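Chemist: Sequence:
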Amino acid sequence: LSGGLLTGTTLMCQCHGSRFDITTGGVISGPATQPLHVYQAAEVDGDVQIRA
2 LSGGLLTGTT LMCQCHGSRF DITTGGVISG PATQPLHVYQ AAEVDGDVQI RA
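Numbered by the working numbering, the letters in the sequence shown go through residues 2 to 53 in order.
Hint data in this document are derived by calculation from the structure and do not stem from the laboratory. Please note that a few of the clues may not be correct.
[Stated by the list, open to error] Beta-carbon label-pair distances, calculated as ranges: (1) Ile51 <-> Gln15: 30 to 36 Å; (2) Gln35 <-> Thr8: 18 to 24 Å; (3) Gln50 <-> Ser30: 28 to 34 Å; (4) His17 <-> Gly47: 31 to 37 Å; (5) Val49 <-> Cys14: 18 to 24 Å; (6) Thr8 <-> Tyr40: 28 to 34 Å.
All values reported here derive from a predicted model rather than from experimental measurement. Ideal Cβ positions, reconstructed from N, Cα and C, are used throughout, including at glycine.
All chains, please: the whole structure from these sequences, using the hints.
Modeler: Next comes the structure, spelled out in structure tokens:
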């Protein structure tokens, strides 16, 4: 998904066309059937920090 297309809060997989809500990880449309894991992220002093 690193090359996915982000429109608002919707992320579309360029390979398979699945669309996900980035705020919840939920599947908006398939072929994916499982949600994505969602992690908290913040910018601190120019760096992006991910809480896993």
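Chemist: Please check whether Gln35 and Thr8 have a Cβ separation lying inside 18 to 24 Å.
Modeler: Holds, since Gln35 and Thr8 (Cβ atoms, about 21 Å apart) stay within the stated range.
Chemist: For the pair Gln50 and Ser30, does the Cβ-Cβ distance stay inside 28 to 34 Å?
Modeler: holds, 31 Å
Chemist: In this structure, is the beta-carbon distance linking Val49 and Cys14 contained in 18 to 24 Å?
Modeler: Holds: the Cβ-Cβ distance is about 21 Å, inside 18 to 24 Å.
Chemist: Take the C-beta atom of His17 and the C-beta atom of Gly47, compute their distance, and say whether it sits inside 31 to 37 Å.
Modeler: holds, 33 Å
Chemist: Mind checking the hinted window 28 to 34 Å against the Cβ distance between Thr8 and Tyr40?
Modeler: violated, 20 Å
Chemist: Please test the hint of 30 to 36 Å on the beta carbon pair from Ile51 and Gln15.
Modeler: Since the Cβ atoms of Ile51 and Gln15 sit about 22 Å apart, the hinted range of 30 to 36 Å is violated.
Consistency note: the structure conflicts with the earlier hints numbered 1, 6.
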